[in-house]
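Residues per chain, in single letters:
There are 2 protein chains.
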Amino acid sequence: MDERVREHARILVDWSARIERGDDVVLSVGPEAHELAVAVAAELGERGANVVTTYSSGEVSRAYLTSHDDDFQQGDHELALYERADAVLSLGGGRNTAAMADVPAETRQAHSKATEGVREARLDTKWVSTVHPTRSLAQQAGMSYEAYQAFAYDAILRDWESLAAQMAKLKEILDAGSEVHLVNEGTDLTMSIEGRIAVNSAASVDYDSHNLPSGEVFTAPEATEGYVTFDVPMTVNGQRVKDVKLVFEDGEVVSFEAEQGAEAIEEVLETDEGARRLGELGIGMNRGIDRITDNILFDEKMGGTVHLALGRAYDSNLPEGESGNESAVHVDLITDMRGESRLEVDGELVQKDGVFRWE
Amino acid sequence: MDERVREHARILVDWSARIERGDDVVLSVGPEAHELAVAVAAELGERGANVVTTYSSGEVSRAYLTSHDDDFQQGDHELALYERADAVLSLGGGRNTAAMADVPAETRQAHSKATEGVREARLDTKWVSTVHPTRSLAQQAGMSYEAYQAFAYDAILRDWESLAAQMAKLKEILDAGSEVHLVNEGTDLTMSIEGRIAVNSAASVDYDSHNLPSGEVFTAPEATEGYVTFDVPMTVNGQRVKDVKLVFEDGEVVSFEAEQGAEAIEEVLETDEGARRLGELGIGMNRGIDRITDNILFDEKMGGTVHLALGRAYDSNLPEGESGNESAVHVDLITDMRGESRLEVDGELVQKDGVFRWE
Numbered sequence: 394m395d396e397r398v399r400e401h402a403r404i405l406v407d408w409s410a411r412i413e414r415g416d417d418v419v420l421s422v423g424p425e426a427h428e429l430a431v432a433v434a435a436e437l438g439e440r441g442a443n444v445v446t447t448y449s450s451g452e453v454s455r456a457y458l459t460s461h462d463d464d465f466q467q468g469d470h471e472l473a474l475y476e477r478a479d480a481v482l483s484l485g486g487g488r489n490t491a492a493m494a495d496v497p498a499e500t501r502q503a504h505s506k507a508t509e510g511v512r513e514a515r516l517d518t519k520w521v522s523t524v525h526p527t528r529s530l531a532q533q534a535g536m537s538y539e540a541y542q543a544f545a546y547d548a549i550l551r552d553w554e555s556l557a558a559q560m561a562k563l564k565e566i567l568d569a570g571s572e573v574h575l576v577n578e579g580t581d582l583t584m585s586i587e588g589r590i591a592v593n594s595a596a597s598v599d600y601d602s603h604n605l606p607s608g609e610v611f612t613a614p615e616a617t618e619g620y621v622t623f624d625v626p627m628t629v630n631g632q633r634v635k636d637v638k639l640v641f642e643d644g645e646v647v648s649f650e651a652e653q654g655a656e657a658i659e660e661v662l663e664t665d666e667g668a669r670r671l672g673e674l675g676i677g678m679n680r681g682i683d684r685i686t687d688n689i690l691f692d693e694k695m696g697g698t699v700h701l702a703l704g705r706a707y708d709s710n711l712p713e714g715e716s717g718n719e720s721a722v723h724v725d726l727i728t729d730m731r732g733e734s735r736l737e738v739d740g741e742l743v744q745k746d747g748v749f750r751w752e
Numbered sequence: 394m395d396e397r398v399r400e401h402a403r404i405l406v407d408w409s410a411r412i413e414r415g416d417d418v419v420l421s422v423g424p425e426a427h428e429l430a431v432a433v434a435a436e437l438g439e440r441g442a443n444v445v446t447t448y449s450s451g452e453v454s455r456a457y458l459t460s461h462d463d464d465f466q467q468g469d470h471e472l473a474l475y476e477r478a479d480a481v482l483s484l485g486g487g488r489n490t491a492a493m494a495d496v497p498a499e500t501r502q503a504h505s506k507a508t509e510g511v512r513e514a515r516l517d518t519k520w521v522s523t524v525h526p527t528r529s530l531a532q533q534a535g536m537s538y539e540a541y542q543a544f545a546y547d548a549i550l551r552d553w554e555s556l557a558a559q560m561a562k563l564k565e566i567l568d569a570g571s572e573v574h575l576v577n578e579g580t581d582l583t584m585s586i587e588g589r590i591a592v593n594s595a596a597s598v599d600y601d602s603h604n605l606p607s608g609e610v611f612t613a614p615e616a617t618e619g620y621v622t623f624d625v626p627m628t629v630n631g632q633r634v635k636d637v638k639l640v641f642e643d644g645e646v647v648s649f650e651a652e653q654g655a656e657a658i659e660e661v662l663e664t665d666e667g668a669r670r671l672g673e674l675g676i677g678m679n680r681g682i683d684r685i686t687d688n689i690l691f692d693e694k695m696g697g698t699v700h701l702a703l704g705r706a707y708d709s710n711l712p713e714g715e716s717g718n719e720s721a722v723h724v725d726l727i728t729d730m731r732g733e734s735r736l737e738v739d740g741e742l743v744q745k746d747g748v749f750r751w752e
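Residue numbers (the working numbering), protein chains in the order written: chain X, 394 to 752; chain L, 394 to 752.
With the rest of the complex left out, here is chain X (with noise of 0.2 angstroms):
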């Protein structure tokens, strides 16, 4: 086996999801994901841990939401597999990115809705995602497989340690700050971060932080006014979307368009209330992830980016016992600031053109 997969097994379940003997854990191998799943598997046997596996296949997926009459249930045995579960450690690897593509909006709505309480349970374990570089998703990024295995093990094999340090700094002003003003081009937004808690997204639930790799310091927003254009192209839901641009009043987006996709962004923000609101503001600092792959957990990550998502805020933002913006969704959407930009906190600088004033 190559290194590499036995090296990000060992990050995944030491550094990421701090895995103890005796933790009951659920690991999700997606179909091309096999290989990193039997090198975790060997982690988690090494760590005394309790494991199910279980399998995440689009085809699978697609095939039973498409032959359902909407009138989805949530199974008792999945609900009690989650609020039992101390960790769930996801191998995202398919065949083919695109293979819900043709799901009808109203189905996944229906089926997320009605599985709310497993989605729940799920995020209070120690829960991370990670990927398995597969052949698909170099296809996604336009590159060879053996180039894509470089590219990916270097945003994720990194010292997390020394990373986790650098972001801190810009945790710090989050924290103290009120006032989040985006300016690039398309761009003019404010947001209220007010008494919000900054997240320093190392790659560890120790740090909060459930996305391996990771590398970005995340809050949640809210009254959000003005007006955002997302240039980073991506895959929502299996489709491709393009320059989406949103105006906000009030905290809520009220009008939209996109240059491609705008039926996959109308079918995020028709999920509920909630997806027409903001419920995070993230800012890439790993510069290890040098190119845009067409994948969110890598994309959103890469320095001189910010992000903002749609949707459901993480409680990790909010102070305890506050909650943030509910949704079923969280649907992530790019910015790329490597332009001429501004990022400040408070009228005060602390990025332009992509690079922090630090840098």
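It cannot be assumed that every hint is accurate.
Put simply, identical chains are the same to the list, so a pair is met inside one copy or across any two.
With a Cα cut of at most 20 angstroms, we get these calculated SDA-like pairs of lysine to any residue [what the hints assert, rightly or not]:
1. Lys506 with Gly415
2. Lys506 with Arg414
3. Lys519 with Thr490
4. Lys635 with Ala651
5. Lys745 with Asp479
6. Lys638 with Asp624
7. Lys506 with Gly441
8. Lys562 with Glu652
9. Lys638 with Thr459
10. Lys506 with Glu439
Derived from the structure by calculation, the hints contain no laboratory data.
Remember, it's a predicted structure, so these values are computed and weren't measured experimentally.
Given chain X, put chain L in place with the hints provided.
This is chain L only, laid out in the frame that chain X set:
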């Protein structure tokens, strides 16, 4: 998709597992059973069942088991999953039937013992095990892939209602009988079946039958005396066994020999006390299965064979409230009756030279 795969899925969901709206189903998928999983997911969606899809890989299990210190725990989350499940559909199909061949016996046994609760809970559901024909199974059978597919679907896609009616005859004889006597080359064995209930294994939970394909009538013997030779070569826990001879006294194996795979048999016998007693006497009646393919799911159903299982008895063979042989294992071994042989119940000839008296 091959129409045979869709038909396989329909038989599994409707005839075998009797899935109904709202059933909480665990769908267990082998690494090469993906296509069947897609077809089954579509059937489950159509019927409005709730599904958790698990991944069953010998390589993942091996990695976990061999890196563990053998002090296994049963996961609360796994127990909860199976305790709440209404049905468990297992779609076998891997890349290497010997994937777990080097997992030490004591490791298997330790894990098997620690997770007995999960196994009990699973057996309390509408569980059905089937296999997707794979290249690995074709190889094990010494057959080409296409020929193996034809063989497998011939065994699976049957008129189960009509086969069930044929098998009812043998069930009547066994239910009324007290003693079974098997005579074959290297075999002279008597077993008590007094008060036990034969199962007409028609590949449906409505018949207390949990394998697809099926086509056997089985009961739970006790007080076994004599000797038996299993001349059909098999794979037990990843190891080849051939010409196993067991000698019974007072219901228990007192000595054994094997031309090949004696170690594997010894491992089984040493699991626990119940592993040295019989849990099952099964009589193959599926004339659609016309050759040994080194896969117990098919081999034991072949018309003209008889199998005996060391270990656990099924509750379905016992009157309400009574329990049969208890063990963490259930290992089937097969003897081919198609030479000079006799199968008698209370001294009456039922089968001679592999042919039933009514055939």
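For each hint, the structure was consulted:
1. Lys506 with Gly415: between (32 angstroms within a copy, 17 angstroms between copies)
2. Lys506 with Arg414: Intra 34 angstroms, inter 19 angstroms, cutoff 20 angstroms: inter-copy only.
3. Lys519 with Thr490: neither (26 angstroms within a copy, 34 angstroms between copies)
4. Lys635 with Ala651: Answer is within: at 6 angstroms inside a copy they meet the 20 angstroms cutoff, but 68 angstroms across does not.
5. Lys745 with Asp479: neither (41 angstroms within a copy, 58 angstroms between copies)
6. Lys638 with Asp624: Close inside one copy (9 angstroms), not across copies (73 angstroms); limit 20 angstroms.
7. Lys506 with Gly441: between (35 angstroms within a copy, 16 angstroms between copies)
8. Lys562 with Glu652: neither (36 angstroms within a copy, 71 angstroms between copies)
9. Lys638 with Thr459: Answer is neither; intra-copy 31 angstroms and inter-copy 53 angstroms both fail.
10. Lys506 with Glu439: Cα proximity of Lys506 and Glu439: across copies only (19 angstroms, versus 38 angstroms in one copy).
The structure fails to meet hints 3, 5, 8, 9 from the earlier list, while all remaining hints are met.
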